[in-house]
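Can you build the whole structure from these sequences, using the hints too?
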Amino acid sequence: MGIFNQKSKFKAAPPTIRKEEVVIERPKPKPRPVVVSSASGLQVPMTAARKIKTPSASPRASPGLRQSASPYPPSSDEKRPDLKRKIRNGASHRPSPASDRIEFDKDDSESDDDWEDALDARKRRKRALMMNTEARDPDRKMPHPDLLGIANEDKIRKKEMQLVHAVDVASLKLKCSPTLNAPPEEVALKLQYPGSKQRERYELVAGREKIDVVKEIITVVKYVADVYLDDDEAKPLTNRENGIIRRLERASSTAVWDYKAFKSAVSDFNDRLLMLYSDGTIAKNLKKTHDLPPDLVAFILNQIYERTVSQSVELLRKYENGTDFVYGELKHVFITDLLVRRLKMTSSQVFVDLGSGVGNVALQAALEIGCESWGCEIMENACNLAVAQKKEFTSRCRLWGLAPGKVRLLRGDFTQDTQVHEALKRADVVLVNNQAFTSKLNDTLVTMFLDLKQGCKIISLRNLVHDSGHNINDVGTTILDVEHHRYPEGYVSWTDSPGTFCISTRK
Numbered sequence: 001m002g003i004f005n006q007k008s009k010f011k012a013a014p015p016t017i018r019k020e021e022v023v024i025e026r027p028k029p030k031p032r033p034v035v036v037s038s039a040s041g042l043q044v045p046m047t048a049a050r051k052i053k054t055p056s057a058s059p060r061a062s063p064g065l066r067q068s069a070s071p072y073p074p075s076s077d078e079k080r081p082d083l084k085r086k087i088r089n090g091a092s093h094r095p096s097p098a099s100d101r102i103e104f105d106k107d108d109s110e111s112d113d114d115w116e117d118a119l120d121a122r123k124r125r126k127r128a129l130m131m132n133t134e135a136r137d138p139d140r141k142m143p144h145p146d147l148l149g150i151a152n153e154d155k156i157r158k159k160e161m162q163l164v165h166a167v168d169v170a171s172l173k174l175k176c177s178p179t180l181n182a183p184p185e186e187v188a189l190k191l192q193y194p195g196s197k198q199r200e201r202y203e204l205v206a207g208r209e210k211i212d213v214v215k216e217i218i219t220v221v222k223y224v225a226d227v228y229l230d231d232d233e234a235k236p237l238t239n240r241e242n243g244i245i246r247r248l249e250r251a252s253s254t255a256v257w258d259y260k261a262f263k264s265a266v267s268d269f270n271d272r273l274l275m276l277y278s279d280g281t282i283a284k285n286l287k288k289t290h291d292l293p294p295d296l297v298a299f300i301l302n303q304i305y306e307r308t309v310s311q312s313v314e315l316l317r318k319y320e321n322g323t324d325f326v327y328g329e330l331k332h333v334f335i336t337d338l339l340v341r342r343l344k345m346t347s348s349q350v351f352v353d354l355g356s357g358v359g360n361v362a363l364q365a366a367l368e369i370g371c372e373s374w375g376c377e378i379m380e381n382a383c384n385l386a387v388a389q390k391k392e393f394t395s396r397c398r399l400w401g402l403a404p405g406k407v408r409l410l411r412g413d414f415t416q417d418t419q420v421h422e423a424l425k426r427a428d429v430v431l432v433n434n435q436a437f438t439s440k441l442n443d444t445l446v447t448m449f450l451d452l453k454q455g456c457k458i459i460s461l462r463n464l465v466h467d468s469g470h471n472i473n474d475v476g477t478t479i480l481d482v483e484h485h486r487y488p489e490g491y492v493s494w495t496d497s498p499g500t501f502c503i504s505t506r507k
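The sequence shown maps to residues 1 to 507 in full-length UniProt numbering.
Simulated from the structure, these hints should not be mistaken for laboratory data. Keep in mind the model is a prediction, meaning the values are calculated, not measured. Don't take every hint at face value.
Below, computed lysine-lysine pairings styled on DSS-like, alpha-carbon distance capped at 30 Å [as the list claims (entries may be wrong)]:
(1) K453 with K141
(2) K175 with K260
(3) K175 with K390
FRET-style restraints, in silico, Cβ to Cβ [claimed, not checked]:
(4) S177 with K425: 53 to 61 Å
(5) R411 with K175: 30 to 38 Å
(6) R411 with G280: 38 to 46 Å
(7) Q416 with T478: 22 to 30 Å
(8) S253 with R411: 44 to 52 Å
(9) R136 with Q162: 28 to 36 Å
(10) V256 with P236: 17 to 25 Å
(11) P184 with D268: 34 to 42 Å
(12) T478 with H421: 13 to 21 Å
(13) T415 with H484: 19 to 27 Å
Quick reminder that beta carbons are idealized off the backbone N, C-alpha and C, glycines included.
Quick look at the structure:
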């Protein structure tokens, strides 16, 4: 045996009369384990390993309904997701749409190299956004008209926004508890946004099924640094030693919980952003931008949903199973995949959602693409919530300084509405979430699509052409070319399982 109980690297000589001296080399010390294998098979430094995130098989970019509310038939082998939010420190913690973005360090013990790596990645992303000369849609106008007219401040001040503030849905009055060790009299604060002098009111509170106030504020600051400012303008926010983001993260870490430091950092952010808003810097930067990051779009829509629909989600559980009066949502990540990546819609086009529910998809198309967007819904409760969402959407787009496309949300039967039929004649993309529609309604839809222009794309959850559709007299076979696709897990609200959908083209 070798030293340290290791086998000798030399074979013992056969027995002989003479003696032979064998020299055993001292084993070299084992190298320190400085690398680990990531899920992708790459070798990465141990300090960076913690930052590698395996792509989620179930992306969540929008709030969904509780599963018990869905009229859609579940898959037999599907694992029903538990949508009850995890409670931490008395507060629910909903994953933010920004959860896949760069994580700014909370732990002071993490190396400076990690922090610099995060900033370098953020800078690369910003540079690609703001200096992109080959924008997907160079004709998209991003700044809100009020942001371009800040010189006429008196006129803008008269257009005070009817905003649903965070404090309206998460506050001490609504049975929430103070957080960050703040006494009740110190929980109030306001947050500046890039598109208006009007600030949103918050309280530093935590409560079950409520907005994660601290996380939302930090996320807003990060998006401002990422999307609205160039590298030099963002330094007071991103400086790794004493930048505002670093201060917010430190003050809100569970080891510290310093409400005074948190409020001080928010105050400094407000002052800094107001100066950049007033001197026209924000408007100038947005003029260079023609595309919005999908996660920012999802975050803004999530803010709107949480302040309107989430408060009355029980109203959507009233459906008539086995009829056309059913409800289910397509998540933000699915719509981005469909409209932006697959169909490459632009701001000059027209989008129509038949059976638009609370208006989620129509609003997303208007914000993410900037196109003219239509929706029509017949269910009364969903229509009422759609009205509330559209009102908040208008105000919150202005708050963020963004110009969406024109939105029209109609109430009624889309098979009978004349405005819908006129919009369909101009439509470039039509969405039909017909997962639970009856065969009769699907046949009616195909007849309506006779008026579509050539090349119009129709997205549907179920095929609009009969499975045996080789009959020359079948309308669907005559007018539609159908492509079959699959979507992955987590793309719809009624199941986490994957499924199928169709993209049909009007011949």
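Outcome of the hint check:
no. : hint                       : result
1   : K453 with K141             : 26 Å, holds
2   : K175 with K260             : 22 Å, holds
3   : K175 with K390             : 28 Å, holds
4   : S177 with K425: 53 to 61 Å : 55 Å, holds
5   : R411 with K175: 30 to 38 Å : 34 Å, holds
6   : R411 with G280: 38 to 46 Å : 40 Å, holds
7   : Q416 with T478: 22 to 30 Å : 24 Å, holds
8   : S253 with R411: 44 to 52 Å : 47 Å, holds
9   : R136 with Q162: 28 to 36 Å : 33 Å, holds
10  : V256 with P236: 17 to 25 Å : 21 Å, holds
11  : P184 with D268: 34 to 42 Å : 24 Å, violated
12  : T478 with H421: 13 to 21 Å : 20 Å, holds
13  : T415 with H484: 19 to 27 Å : 25 Å, holds
Going down the numbered hints, you'll see the structure goes against just number 11.
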